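**Q** Chain H: place on chain E using the hints.
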Amino acid sequence: KNEVEQSPQNLTAQEGEFITINCSYSVGISALHWLQQHPGGGIVSLFMLSSGKKKHGRLIATINIQEKHSSLHITASHPRDSAVYICAVRSTGTASKLTFGTGTRLQVTL
Amino acid sequence: DTAVSQTPKYLVTQMGNDKSIKCEQNLGHDTMYWYKQDSKKFLKIMFSYNNKELIINETVPNRFSPKSPDKAHLNLHINSLELGDSAVYFCASSPRLSGGPREETQYFGPGTRLLVL
Chain E
117 KNEVEQSPQN LTAQEGEFIT INCSYSVGIS ALHWLQQHPG GGIVSLFMLS
167 SGKKKHGRLI ATINIQEKHS SLHITASHPR DSAVYICAVR STGTASKLTF
217 GTGTRLQVTL
Chain H
599 DTAVSQTPKY LVTQMGNDKS IKCEQNLGHD TMYWYKQDSK KFLKIMFSYN
649 NKELIINETV PNRFSPKSPD KAHLNLHINS LELGDSAVYF CASSPRLSGG
699 PREETQYFGP GTRLLVL
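Which chain is which? The protein sequence lines are E and H, in order. Residue numbers for the first sequence, in the numbering used here: 117 to 226. Residue numbers for the second sequence, in the numbering used here: 599 to 715.
Next up, chain E with everything else stripped away, as it sits in the complex (with noise of 0.2 angstroms):
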């Protein structure tokens, strides 16, 4: 079992729809990353945070420390979200490494 799961692993959206990507991991944590990659192969940060929520346009993190778990927004999606979405831990104790998801395939069509 991977100490980072995602689900779910492939998402198909219409272009509008409200989109969570959900991440729980099972190790004591001081980070979590949401990354992008895109259909090109290029990864993006788009997150990293250790506690709450953050917002940038149109994509909202949250994190819950104590059920370790974290979940990513998209709202009012769009084609151009099709993406991997990739989320990752540091995990406490540990410099420098960080422990990936497998990713969620998401395809929003028109």
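Hints may be right or wrong, so weigh each one.
The calculated BS3-like cross-link candidates involving lysine-lysine, where the alpha carbons are at most 27 angstroms apart (straight line), are [to be verified]:
id, chain 1, residue 1, chain 2, residue 2
1, E, Lys213, H, Lys642
2, H, Lys669, H, Lys620
3, E, Lys213, H, Lys634
4, H, Lys620, E, Lys213
5, H, Lys634, E, Lys184
6, H, Lys639, H, Lys617
7, E, Lys170, H, Lys665
8, E, Lys170, H, Lys620
9, H, Lys642, E, Lys184
10, E, Lys213, H, Lys665
From the derived model, a few chain E residues whose C-beta atoms are all more than 10 angstroms from chain H [unchecked claim]:
id, residue
11, Glu121
12, Leu127
13, Asn138
14, Gly144
15, Gly157
16, Ser161
17, Lys184
18, His185
For the record, the hints were derived by calculation from the structure and aren't laboratory data. Since this is a predicted model, take the numbers as computed values, not measurements. No residue lacks a Cβ here, since even glycine has one placed at the ideal position from N, Cα and C.
**A** Showing chain H alone in chain E's frame:
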């Protein structure tokens, strides 16, 4: 201007060969990383360097040897390539080494797709 660049973008080679992938960042960052993404798109850390010093070597075969001539460059040399080395290799950098309460955003290169035949 490219922040983290990798060369080559694609690399096709035969088993047993030795090859290198280069990475350069122009962000002035202290810390650089190599990640491997397998065919199932699973990312895994291979190495991290901080100011040219090896910090993490994550159970990678010793056929893989990173070299950091200066803190803007982290190259990956692979000896005796095997079929299982086929993957996409991503370089990344962050301003400083993450640790304790300090977490750093990572900036990824475009990836190098390696195919070993």
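**Q** Next step is simple, just say for each hint if it's right about the structure.
**A** So, going through the hints one by one against the coordinates:
Between the alpha carbons of lysine 213 of chain E and lysine 642 of chain H the distance comes to roughly 9 angstroms, so the proposed pair stays at or under 27 angstroms and holds. Distance check on the hinted pair: lysine 669 of chain H and lysine 620 of chain H sit about 13 angstroms apart at the alpha-carbon level, within 27 angstroms; holds. Taking the CA atoms of lysine 213 of chain E and lysine 634 of chain H, the gap is about 13 angstroms. The hint holds against a cut of 27 angstroms. Under the criterion of a C-alpha separation no larger than 27 angstroms, the hint pairing lysine 620 of chain H with lysine 213 of chain E is consistent with the structure, at around 21 angstroms.
The straight-line distance between the Cα atoms of lysine 634 of chain H and lysine 184 of chain E is roughly 26 angstroms, inside the 27 angstroms bound, and the hint therefore holds. The hinted pair formed by lysine 639 of chain H and lysine 617 of chain H meets the criterion: a straight-line CA distance of about 22 angstroms does not exceed 27 angstroms. Annotation: proposed proximity of lysine 170 of chain E to lysine 665 of chain H is violated, straight-line Cα distance about 37 angstroms (limit 27 angstroms). A hinted pair counts as satisfied when its Cα atoms are at most 27 angstroms apart, and lysine 170 of chain E with lysine 620 of chain H does not qualify at roughly 35 angstroms.
A distance of roughly 21 angstroms separates the Cα atoms of lysine 642 of chain H and lysine 184 of chain E; the hinted pair therefore holds under the 27 angstroms criterion. Of the supplied pair hints, the one linking lysine 213 of chain E and lysine 665 of chain H holds, its CA atoms being roughly 19 angstroms apart against a limit of 27 angstroms. Residue-level check passed: glutamate 121 of chain E sits 12 angstroms from the nearest beta carbon of chain H, beyond 10 angstroms. At roughly 15 angstroms, the least C-beta separation between leucine 127 of chain E and chain H is larger than 10 angstroms, which holds for a residue marked as non-interface.
Non-interface status of asparagine 138 of chain E relative to chain H is upheld: no Cβ of that chain comes within 10 angstroms, the nearest being about 18 angstroms off. Remark: the non-interface label on glycine 144 of chain E is consistent with the geometry, its nearest Cβ contact in chain H lying 13 angstroms away (cut-off 10 angstroms). Consistency note on glycine 157 of chain E: stated as away from chain H, yet its beta-carbon is not over 10 angstroms from all of that chain's, at 5 angstroms minimum. Against the 10 angstroms criterion, serine 161 of chain E falls within the reach of chain H, whose nearest CB is about 5 angstroms from its own CB.
Separation of lysine 184 of chain E from chain H is adequate, the least Cβ-Cβ distance of about 17 angstroms exceeding the 10 angstroms criterion. Taking the minimum C-beta to C-beta distance to chain H, about 18 angstroms, the non-interface status of histidine 185 of chain E holds against the 10 angstroms cut.
Going down the numbered hints, you'll see the structure goes against 7, 8, 15, 16, while the others check out.
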